[in-house]
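Student: Here the protein sequences line up with chains A and B, keeping their order. Counting in this note's numbering, the first sequence runs from 1 upward without gaps. Counting in this note's numbering, the second sequence runs from 1 upward without gaps.
Derived from the structure by calculation, the hints contain no laboratory data. Please note: incorrect hints may appear among the correct ones.
DEER-style ranges, computed between Cβ atoms [to be verified]:
1) B:LEU291 x A:HIS215: 44 to 52 Å
2) B:LYS399 x A:LEU386: 28 to 36 Å
3) A:GLN297 x B:PRO103: 46 to 54 Å
4) A:ASN284 x B:PHE374: 48 to 56 Å
5) B:PHE63 x A:GLN297: 49 to 57 Å
From a predicted model like this one, the values you see are computed outputs, not experimental measurements. A virtual CB, placed ideally from N, CA and C, is assigned to each residue, including glycine.
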Amino acid sequence: MKGKVAETTVDLQTPSVFAVKPTDFKDLTPKLALKAGAEVKAGEALFFDKDRPSIQFTSPVSGEVTEVRRGAKRKILEVVVLADKETKFKDFGKSAPASLSAEEIKTRVLESGCWPFIMQRPYGCVANPEASPKAVFISGFNSAPLAADISYVLKGNETDFNTGLEAVTKMAGTPVYLGLPSNGSVASVLKEAKAEKNTFKGPHPAGNVGVQIHHTSPLNKEETVWTVTPQDLVIIGRLFNEGHFDARRTIAVAGSEVSTPQYVNTIIGASLERLTSEYVKADNARIISGNVFTGEQIARDGFLGFYADTVCAIPEGNQTDFMGWVLPGFGKFSISKTFSAFLSPNKEYDLNTGMHGEERAFVVSGEYEKVFPFDIYPQFLLRAILTRNVEKMEELGIYEVVEEDFALPEVICTSKIPLQKIVNEGLSFLKKEMGH
Amino acid sequence: MNFLKNIIENTRPLVEKDGKRNILYPLHNALETMLFVPDHTTHSGAHVRDHIDLKRTMVTVIFALVPALLFGMWNLGHHHFAAVGQESDVMGNFLFGAMKVLPMIIVTYAAGLGVEIYFAFKNGHPVNEGFLVSGILIPMIMPVDIPLWMVAISTIFAVLIGKEVFGGTGMNILNPALTARAFAFFAYPAFISGDKVWINTKVDGAEAAVDGFSGATALGDLATTVGQGINSGLPVLDKFADGGQFSMLNAFLGYIPGSIGETSSLLVIIGGLVLIAMGIGSWRIMGSMILGGLAMGLIFNLFAVNDFMGINPFHQIVLGGFMFGTVFMATDPVSAAQTNKGKIIYGFLAGFLSIMIRVFNPAYPEGVMMAILFMNVMAPLIDHYVVGANVKKRLKRIKVKA
Chain A
1 MKGKVAETTV DLQTPSVFAV KPTDFKDLTP KLALKAGAEV KAGEALFFDK DRPSIQFTSP
61 VSGEVTEVRR GAKRKILEVV VLADKETKFK DFGKSAPASL SAEEIKTRVL ESGCWPFIMQ
121 RPYGCVANPE ASPKAVFISG FNSAPLAADI SYVLKGNETD FNTGLEAVTK MAGTPVYLGL
181 PSNGSVASVL KEAKAEKNTF KGPHPAGNVG VQIHHTSPLN KEETVWTVTP QDLVIIGRLF
241 NEGHFDARRT IAVAGSEVST PQYVNTIIGA SLERLTSEYV KADNARIISG NVFTGEQIAR
301 DGFLGFYADT VCAIPEGNQT DFMGWVLPGF GKFSISKTFS AFLSPNKEYD LNTGMHGEER
361 AFVVSGEYEK VFPFDIYPQF LLRAILTRNV EKMEELGIYE VVEEDFALPE VICTSKIPLQ
421 KIVNEGLSFL KKEMGH
Chain B
1 MNFLKNIIEN TRPLVEKDGK RNILYPLHNA LETMLFVPDH TTHSGAHVRD HIDLKRTMVT
61 VIFALVPALL FGMWNLGHHH FAAVGQESDV MGNFLFGAMK VLPMIIVTYA AGLGVEIYFA
121 FKNGHPVNEG FLVSGILIPM IMPVDIPLWM VAISTIFAVL IGKEVFGGTG MNILNPALTA
181 RAFAFFAYPA FISGDKVWIN TKVDGAEAAV DGFSGATALG DLATTVGQGI NSGLPVLDKF
241 ADGGQFSMLN AFLGYIPGSI GETSSLLVII GGLVLIAMGI GSWRIMGSMI LGGLAMGLIF
301 NLFAVNDFMG INPFHQIVLG GFMFGTVFMA TDPVSAAQTN KGKIIYGFLA GFLSIMIRVF
361 NPAYPEGVMM AILFMNVMAP LIDHYVVGAN VKKRLKRIKV KA
């Protein structure tokens with residue numbers, strides 16, 4: 001795709017407004033820890049998980065909670081914090097993970113608000129602190145288009161990364177697997193990391209942690225694995241090295257609508273208003289917090305998502321296309337050979353957000369398998385999900401997948417079926433059925 | 001373009017939810033989306049999408065059908081003029097065929113799309129493009145002189161019973177085009193079997209076949225050898241020798257009588273290669289079905305008790321509708337097996353059964369139709385076992401651990 005990031009980093013003048021969005025966390029029922037108007041320090045809880053109160057979601061900056069934005073049925077959408085000029089951190093105390101017990105590490109990670117960085121499978125939600133995982137998986141590279149290069153953003157954060165890795169390893173007490181690409185430059189900190197390393201070859205979705213789990217140690221019923229990203233390990237590492245919840249993060253700002261695609265130092269939850277007004281010129285652009293396959297569409301003055309390491313701006317595809325289904329369609333992106341695109345596989349495309357067709361029932365078969373590197377029959381699993389057949393879902397491997405694994409099949413789907421939405425609803429349903 | 005767009009835009013308020021003519025919305029939508037790929041944007045999940053859609057998939061199949069269709073038209077004229085003993089050139093042959101086939105295509109589309117649009121109105125869903133292909137396929141597997149009303153009724157039956165009762169495109173169990181043919185075959189056998197229907201022998205409405213004319217298809221002739229023992233030496237067998245009317249070369253190129261579009265294996269194979277190259281047709285199904293046909297042919301060779309069984313397997317598969325069925329019928333993604341392994345089994349058995357039915361039951365020389373319909377029904381079962389193997393593997397993983 002056009003608009004790849006250049007390997008330069010700029011500091012963005014720190015925005016004054018921040019927000020933590022409960023909607024970033026799947027199936028979360030948030031309970032506010034304080035009221036609008038309260039003062040918070042960075043690392044103090046804004047809200048917590050109603051079902052598991054030990055999981056805290058803390059403020060990335062210090063300042064005043066100005067507003068709690070709610071949607072339909074008073075669902076909390078955003079907790080907005082107006083930042084102080086100088087960030088005041090809540091102090092959790094510096095200490096090396098080696099000197100702490102696994103329980104102590106866990107408590108500290110939980111109370112500082114770092115716990116939500118640890119995700120679990122099945123369900124792809126914030127990990128359950130009471131369950132013990134069978135392994136921890138970390139993907140050391142992003143393979144999605146326009147996504148941040150992990151090796152690049154780890155530069156300068158090597159110590160924190162290693163501390164974070166050490167903390168999580170000790171806390172989990174299980175093998176930790178780190179997935180690395182078989183080609184391309186990999187930061188030495190990843191190559192030398194204390195984890196079992198596996199290399200993965202090929203294009204996207206090789207960098208998806210789900211694919212790596214499936215090919216290393218597939219998940220069975222009743223098992224849990226944790227996943228965490230290297231960028232988030234850095235933040236966990238800072239908790240132990242500095243004693244603070246320091247949510248600084250380097251994100252890639254990319255896409256064909258971005259004037260100078262590059263990396264930007266910012267903080268989780270930062271308002272993107274200034275960033276978009278500076279870099280995104282066109283009005284008819286879609287701003288995505290996250291990558292183009294799995295990210296969330298946000299307003300121009302929206303906030304950086306909790307897990308996002310990329311912000312993309314691509315053109316909206318709200319144009320009609322005269323007889324587009326029958327004309328040769330030179331220059332149009334498709335993996336289907338009915339377009340000439342297969343003749344120039346390395347071409348970079350200026351993709352827009354058009355659906356390029358209407359939604360239909362499943363017609364074409366064998367299509368998803370081409371971009372779905374799991375030993376799972378995707379269409380059959382999807383049908384089981386649609387019919388809410390729990391037994392079938394389990395048999396067909398629902399525990400091994402989350403939404404992002406269906407992103408590529410969704411992109412190429414001839415029938416334009418919203419696969420990630422189907423999987424999302426299926427996982428939520430299953431989670432309820434299973435009483436988690 | 002803008003002119004068309006303006007018409008679409010100006011009529012839109014009429015058909016929208018509270019418009020006066022909102023019952024016409026599916027029709028408006030169908031026309032609109034045919035002219036313009038709509039401007040919908042992604043609203044959930046991935047933000048970028050491939051340009052492929054179902055319309056493009058379907059239209060690719062139609063392109064692949066065109067060579068065989070055009071040849072079929074020419075072939076009708078070719079046989080007609082030969083049968084009535086008149087001279088004719090390429091253009092004359094073609095025009096004769098076109099005059100026969102075009103009305104059938106129009107009637108098929110009118111009947112089929114009529115039903116589709118009715119259901120679109122009734123259920124308020126967009127008109128599906130599945131019928132775009134069926135509408136061409138149905139005339140191509142009909143004999144030349146079948147009355148148009150029979151085509152219409154067969155089509156309506158196929159769309160109604162074959163497709164809509166199951167929920168429309170994507171839900172059907174049987175291939176709709178073959179359902180239409182099967183309906184015609186059983187409802188009007190006199191018009192779609194035997195040796196009188198494949199070549200038009202009338203001039204100005206009167207029978208005008210020259211003396212010694214035989215309108216039988218190759219399979220019809222072969223059926224007469226059943227029960228005569230091997231090497232019977234029957235005169236019809238001369239037709240199958242090199243240089244004969246039904247020689248392997250003639251059958252491969254398509255200079256033989258048969259359903260309109262099925263005769264030329266060469267052009268059908270070209271269409272098949274286009275489909276495979278485009279990634280639309282399944283090479284697994286096509287390949288394994290040919291292998292299945294050849295395998296059955298070989299087995300028959302080994303145990304031949306009559307000349308039909310003794311025929312060269314390669315000759316066997318270029319006769320009748322075998323290749324057409326392989327390329328365009330068995331590969332229908334909805335009614336075929338859906339797993340990759342399943343497709344290979346499905347194709348192989350379809351090919352195997354086609355030749356078996358054709359030889360063992362000469363009353364159904366079109367074994368391929370029955371075989372594919374049968375395998376359509378069996379496809380979910382095949383998939384069930386293929387997917388079941390995957391499920392077992394997953395369960396085993398747990399047990400190994402425990």
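Student: Against each hint, give a clear statement of whether it holds in the structure.
Tutor: Evaluated hints:
1. Under the hint 44 to 52 Å, the C-beta atoms of LEU291 of chain B and HIS215 of chain A, about 32 Å apart, miss the expected range.
2. Checked against the given bound of 28 to 36 Å, the beta carbons of LYS399 of chain B and LEU386 of chain A, roughly 29 Å apart, stay inside it.
3. Remark: the range hint 46 to 54 Å for GLN297 of chain A to PRO103 of chain B is upheld by a beta-carbon distance near 51 Å.
4. As the Cβ distance of ASN284 of chain A to PHE374 of chain B is approximately 54 Å, the hint placing it in 48 to 56 Å holds.
5. Range check, PHE63 of chain B to GLN297 of chain A: Cβ separation about 37 Å, and the 49 to 57 Å hint is violated.
The structure fails hints 1, 5 (numbered hints given earlier, in ascending order).
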